[in-house]
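Enquirer: Top to bottom, those sequences are chains A and B.
Quick note: the first sequence uses this note's numbering, first residue 1, plus one each step.
Quick note: the second sequence uses this note's numbering, first residue 1, plus one each step.
Derived by calculation from the structure, the hints in this document are not laboratory data.
Heads up, some of the hints might be wrong.
Stated by the list, open to error - Below, simulated SDA-like cross-link-like pairs (lysine to any residue); rule was C-alpha separation at most 25 Å, straight line:
#, chain 1, residue 1, chain 2, residue 2
1, B, LYS83, A, GLU189
2, B, LYS192, A, ARG122
3, B, LYS83, B, GLY110
4, A, LYS192, B, GLU189
5, A, LYS192, B, LYS83
6, B, LYS82, B, LEU118
7, B, LYS83, A, THR191
8, B, LYS192, A, LEU118
9, A, LYS83, B, GLU189
2 protein chains.
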Amino acid sequence: MPGGGSAVIAVDAMGGDRGPHVVVEGAVAAARELSVRLLLVGPAAQIQTELQRLRATALPIEVIDAPDVIEMHEHPAMALRKKPGASIVVATRLVREGRAASVVSAGHTGAAMGAAQLVLGRVRGIDRPAIAAVLPTAAGRPVVLLDVGANVDCRPHQLLQFALMGHVYAREVLGITAPRVGLLSNGEEETKGNDATIRAAELLRGAPVLFVGNVEGRDVLAGSVDVAVCDGFVGNVLLKFGEGVALVLREIVRGELRGWRGRLLQLYLAPALGSARRVLKRLDYREYGGAPLLGINGVCVVAHGRSSARAIRNAIRVAVDATAHDLPARIGEAVAETTAVASPGVGASH
Amino acid sequence: MPGGGSAVIAVDAMGGDRGPHVVVEGAVAAARELSVRLLLVGPAAQIQTELQRLRATALPIEVIDAPDVIEMHEHPAMALRKKPGASIVVATRLVREGRAASVVSAGHTGAAMGAAQLVLGRVRGIDRPAIAAVLPTAAGRPVVLLDVGANVDCRPHQLLQFALMGHVYAREVLGITAPRVGLLSNGEEETKGNDATIRAAELLRGAPVLFVGNVEGRDVLAGSVDVAVCDGFVGNVLLKFGEGVALVLREIVRGELRGWRGRLLQLYLAPALGSARRVLKRLDYREYGGAPLLGINGVCVVAHGRSSARAIRNAIRVAVDATAHDLPARIGEAVAETTAVASPGVGASH
Chain A
1 MPGGGSAVIA VDAMGGDRGP HVVVEGAVAA ARELSVRLLL VGPAAQIQTE LQRLRATALP
61 IEVIDAPDVI EMHEHPAMAL RKKPGASIVV ATRLVREGRA ASVVSAGHTG AAMGAAQLVL
121 GRVRGIDRPA IAAVLPTAAG RPVVLLDVGA NVDCRPHQLL QFALMGHVYA REVLGITAPR
181 VGLLSNGEEE TKGNDATIRA AELLRGAPVL FVGNVEGRDV LAGSVDVAVC DGFVGNVLLK
241 FGEGVALVLR EIVRGELRGW RGRLLQLYLA PALGSARRVL KRLDYREYGG APLLGINGVC
301 VVAHGRSSAR AIRNAIRVAV DATAHDLPAR IGEAVAETTA VASPGVGASH
Chain B
1 MPGGGSAVIA VDAMGGDRGP HVVVEGAVAA ARELSVRLLL VGPAAQIQTE LQRLRATALP
61 IEVIDAPDVI EMHEHPAMAL RKKPGASIVV ATRLVREGRA ASVVSAGHTG AAMGAAQLVL
121 GRVRGIDRPA IAAVLPTAAG RPVVLLDVGA NVDCRPHQLL QFALMGHVYA REVLGITAPR
181 VGLLSNGEEE TKGNDATIRA AELLRGAPVL FVGNVEGRDV LAGSVDVAVC DGFVGNVLLK
241 FGEGVALVLR EIVRGELRGW RGRLLQLYLA PALGSARRVL KRLDYREYGG APLLGINGVC
301 VVAHGRSSAR AIRNAIRVAV DATAHDLPAR IGEAVAETTA VASPGVGASH
């Protein structure tokens with residue numbers, strides 16, 4: 001195991017769609033550029049070969065053998081039961097055992113979430129862990145949108161929990177002193193919303209966060225809030241619709257940029273198109289440096305299966321940041337000082 | 001009242017944010033270009049002045065006096081009660097009295113919906129009328145997304161009703177023989193969805209429409225379905241988020257198109273930027289020619305308050321099309337042949 005004072009991050013080497021060599025390449029870049037020590041989890045011989053290929057055997061990277069992989073088509077809960085030796089389970093267990101401070105995976109998001117809950121458990125007072133997407137805004141600074149995971153049919157106090165977790169993430173990791181928290185709704189007026197959001201807004205008005213009220217879909221990327229809270233069904237449909245809008249616009253611009261004059265224009269426009277492409281990529285929250293799973297008793301970051309080595313390196317940096325700020329402890333404190341966070345009628349939750 | 005064999009459309013002249021002159025201008029364009037006769041409803045003297053200014057007094061346009069207007073800030077239900085002489089109420093009443101075949105408004109959508117329900121009532125078997133947005137897709141042909149109105153907390157059989165109405169609209173007005181109907185969800189698998197969509201999918205599998213299953217956010221604009229069904233909360237948040245994505249991308253491209261070289265490029269790029277702008281506009285469903293209110297016992301079309309004269313003219317054309325296909329009757333037939341459309345436990349609904 002690597003020594004020294006820097007953070008130790010367990011990386012599931014078998015997550016990426018492109019095979020372990022991309023994940024290993026990203027891990028090597030992180031080990032070279034960041035003050036970090038890594039535990040690379042997966043089939044040991046294969047990972048060692050990759051490390052040798054990259055002349056990275058002298059870096060603070062230890063290989064932990066794990067023979068099994070959870071494939072994208074598998075049902076996460078069943079796969080986790082059938083494959084206790086899966087790389088994501090072994091990697092997450094390293095966090096519970098104290099050998100790693102956090103875990104990064106570019107694999108099956110459902111499996112990573114399942115392993116995290118199974119092995120590490122939830123922060124006391126959090127019913128359902130959430131995935132937070134950090135998105136670019138027109139105002140220049142990012143916005144935290146959550147939940148974009150799979151929490152559907154959320155109850156009002158669960159939306160409040162998402163708000164608290166988003167608040168803590170924006171304050172600790174993004175460094176925003178008093179993050180403005182908005183509740184995504186179909187209108188700004190207090191009367192607008194569905195049953196769950198109207199009751200969540202009531203809870204939020206009594207919560208220790210800077211609640212600015214309902215916000216509309218267009219406010220998310222306008223930068224008028226730092227945290228936008230929604231049910232996971234809405235968050236999922238939203239981000240994927242955004243990708244669709246971007247694709248349609250790209251098709252149009254492409255259609256106009258044909259021929260020799262079009263190609264010339266493309267050269268001139270390369271910076272603008274490049275920026276636009278980066279924004280589009282960031283709508284796929286897992287592609288941009290990894291998304292934190294919030295509400296877990298430990299730091300877990302998921303990246304997209306298609307992640308490049310650069311994206312893996314960025315996800316490792318997100319894990320380092322989240323570890324440095326001890327997010328689970330900060331979320332636990334925020335929950336403890338918010339009475340309405342418990343399920344109604346249940347009293348103190350855990 | 002204008003005579004002849006063409007459709008008679010009542011137009012609420014007081015709807016537009018820009019004042020009656022834009023609505024009157026759009027109405028005059030419609031009267032000149034389409035085979036249509038119009039009843040322009042609002043303060044008679046003001047409308048007559050506009051008609052004289054546009055040298056349109058010889059066109060088949062009759063002015064119907066209505067002194068009151070429902071303002072954007074008013075609560076629709078209360079305003080409708082307080083102002084029985086409001087232009088939208090008078091215009092809708094013309095449809096009930098058989099003097100007009102349909103009504104077009106660029107005003108307060110909530111007030112138009114309220115007046116339609118109050119004065120014309122709902123199609124038998126439809127619990128909640130929906131607003132359908134007709135959006136452009138990457139595949140070239142349009143998609144009908146509904147509900148984008150204000151129907152929140154929809155129950156499964158209500159989502160089924162939306163599907164039937166979208167099916168009828170796509171078949172009758174867009175001319176698609178067997179429209180592919182998808183249910184918006186957070187994943188394509190049958191197990192994905194929230195409680196309401198999972199149960200709605202079961203109902204849809206037994207309904208007389210070509211149900212292709214769950215579709216994801218990005219499928220809407222990809223053109224993989226002809227009708228996309230969702231709760232009004234989701235539809236609203238979705239479209240407004242789409243506008244936000246478009247705005248962020250526009251800011252980026254604008255930022256790169258500064259200086260003299262940028263301005264030169266803008267000239268070259270004008271067609272592409274123009275197409276993109278048209279797509280963005282169409283994401284605001286009311287701006288693109290008006291959106292039909294489906295499930296009303298009569299044809300009602302709403303356009304955006306900011307509508308240009310061109311958009312008003314297009315909304316009038318949508319009303320002409322919907323009238324020609326007798327949408328309320330076709331929706332009534334689709335409902336009658338679908339047993340699951342009734343609220344569970346209620347038997348036949350009306």
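Enquirer: Against this structure, judge whether each hint is valid.
Expert: How the hints compare with the structure:
{"no.": "1", "hint": "LYS83/B x GLU189/A", "in the structure": "23 Å, holds"}
{"no.": "2", "hint": "LYS192/B x ARG122/A", "in the structure": "23 Å, holds"}
{"no.": "3", "hint": "LYS83/B x GLY110/B", "in the structure": "15 Å, holds"}
{"no.": "4", "hint": "LYS192/A x GLU189/B", "in the structure": "31 Å, violated"}
{"no.": "5", "hint": "LYS192/A x LYS83/B", "in the structure": "23 Å, holds"}
{"no.": "6", "hint": "LYS82/B x LEU118/B", "in the structure": "14 Å, holds"}
{"no.": "7", "hint": "LYS83/B x THR191/A", "in the structure": "22 Å, holds"}
{"no.": "8", "hint": "LYS192/B x LEU118/A", "in the structure": "21 Å, holds"}
{"no.": "9", "hint": "LYS83/A x GLU189/B", "in the structure": "23 Å, holds"}
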